[in-house]
Amino acid sequence: MTSEQQAERIRRYYEEKSRTRPRKGGSWTGLSHEEVVERVLNEFDEPGVPGAQRDYMRAAAGVLRDLAAIGLPVLAVQDLYQLRLNFGPPIGSKPIDYRAAVPVLLDWITKVDYPPLAHDILHAVSPGFAKKQARPVLLRLFTRPPAGSPFTLDNLRASLGISLGDFADPSVADEYIALALDRGHGEARSGIVQKLPKTKDERVPEVLLSLMDDSAVAPFAIQALGRIKYAPAKPHLERALDSEDWNVRTQAKKALKRLD
29 MTSEQQAERI RRYYEEKSRT RPRKGGSWTG LSHEEVVERV LNEFDEPGVP
79 GAQRDYMRAA AGVLRDLAAI GLPVLAVQDL YQLRLNFGPP IGSKPIDYRA
129 AVPVLLDWIT KVDYPPLAHD ILHAVSPGFA KKQARPVLLR LFTRPPAGSP
179 FTLDNLRASL GISLGDFADP SVADEYIALA LDRGHGEARS GIVQKLPKTK
229 DERVPEVLLS LMDDSAVAPF AIQALGRIKY APAKPHLERA LDSEDWNVRT
279 QAKKALKRLD
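Note that my numbering gives residue 166 to position 138 of the sequence shown, counting from 1, and the numbers run on in steps of one.
These are computed hints drawn from the structure, not numbers from a lab. Everything numeric in this text was worked out from a predicted model, so none of it was measured. Honestly, I wouldn't trust all of these hints.
Beta-carbon label-pair distances, calculated as ranges [to be verified]: (1) Gly-99 - Glu-272: 51 to 59 Å; (2) Arg-168 - Pro-198: 15 to 23 Å; (3) Gly-99 - Asp-273: 43 to 51 Å; (4) Glu-272 - Ala-206: 23 to 31 Å; (5) Ala-128 - Leu-181: 24 to 32 Å; (6) Lys-139 - Tyr-109: 46 to 54 Å; (7) Gly-176 - Lys-257: 42 to 50 Å; (8) Pro-174 - Trp-274: 21 to 29 Å; (9) Ala-97 - Trp-274: 46 to 54 Å; (10) Pro-198 - Ala-89: 20 to 28 Å.
Capping the alpha-carbon separation at 30 Å, the derived lysine-lysine pairs in DSBU-like fashion look like this [to be verified]: (11) Lys-159 - Lys-139; (12) Lys-285 - Lys-257; (13) Lys-228 - Lys-139; (14) Lys-281 - Lys-228; (15) Lys-282 - Lys-262; (16) Lys-226 - Lys-262.
Note that CB positions come from ideal geometry on N, CA and C, so glycine has one too.
Given only the sequences and the hints, what does the whole structure look like? Please build it.
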């Protein structure tokens, strides 16, 4: 099923819920949001549906039902941020306003065990409008992921760190600096290190300098130093030009240009 077909089903539900439209399995008329999603989910048991799509739909059944219950009968979590619904003139095409879904998504993000679904939920709660609600949940998930959580996987931990980095501001300076300095988190904290300057904390330049010898995050620390144009870092950056790590050398060269 293409994104266009999914969007059409959502649009059709909203347009036709007050009228009868004959279709396989009966009319949409009078169905609750949950019943609409249930009917669509059942169609994924039909022959010819790719296995990965079936796996996703089965793993996502609970969150999709909860989203339907609050008026968002999407067929995949990514539809929340990818689809645009065409309501015709004078409204035209608009993205889905899913701000009300953030609490539902945050409830599920600690429960899901299917990595592609975990990724989609993380992406959905990463925009700025979700920051206040999402940041404390994501911080706990980063520091203390439940046993068996997909967020123990390297790629998802890295994505989680990037989302947290985007949420950086002065109110979390102490927490973010502590995470940046905790080498036990390895490369997963790269996104946090990169965005440390957003905390506007006076300790940040020295923290970044101290991380230049940490191979897991050195390129990101160097990049951040260049962005804040921290002049005392110049001799350290010049030495980094001889690093065996090509990314360290590349970022050091770029940072030095910013200092000139």
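Okay, the hints, checked on the actual structure:
no., hint, in the structure
1, Gly-99 - Glu-272: 51 to 59 Å, "holds, 55 Å"
2, Arg-168 - Pro-198: 15 to 23 Å, "holds, 20 Å"
3, Gly-99 - Asp-273: 43 to 51 Å, "holds, 50 Å"
4, Glu-272 - Ala-206: 23 to 31 Å, "holds, 29 Å"
5, Ala-128 - Leu-181: 24 to 32 Å, "holds, 29 Å"
6, Lys-139 - Tyr-109: 46 to 54 Å, "violated, 20 Å"
7, Gly-176 - Lys-257: 42 to 50 Å, "holds, 44 Å"
8, Pro-174 - Trp-274: 21 to 29 Å, "violated, 37 Å"
9, Ala-97 - Trp-274: 46 to 54 Å, "holds, 50 Å"
10, Pro-198 - Ala-89: 20 to 28 Å, "violated, 41 Å"
11, Lys-159 - Lys-139, "holds, 20 Å"
12, Lys-285 - Lys-257, "holds, 9 Å"
13, Lys-228 - Lys-139, "violated, 34 Å"
14, Lys-281 - Lys-228, "holds, 24 Å"
15, Lys-282 - Lys-262, "holds, 12 Å"
16, Lys-226 - Lys-262, "holds, 21 Å"
Against the hints set out earlier in the document, violations occur for numbers 6, 8, 10, 13.
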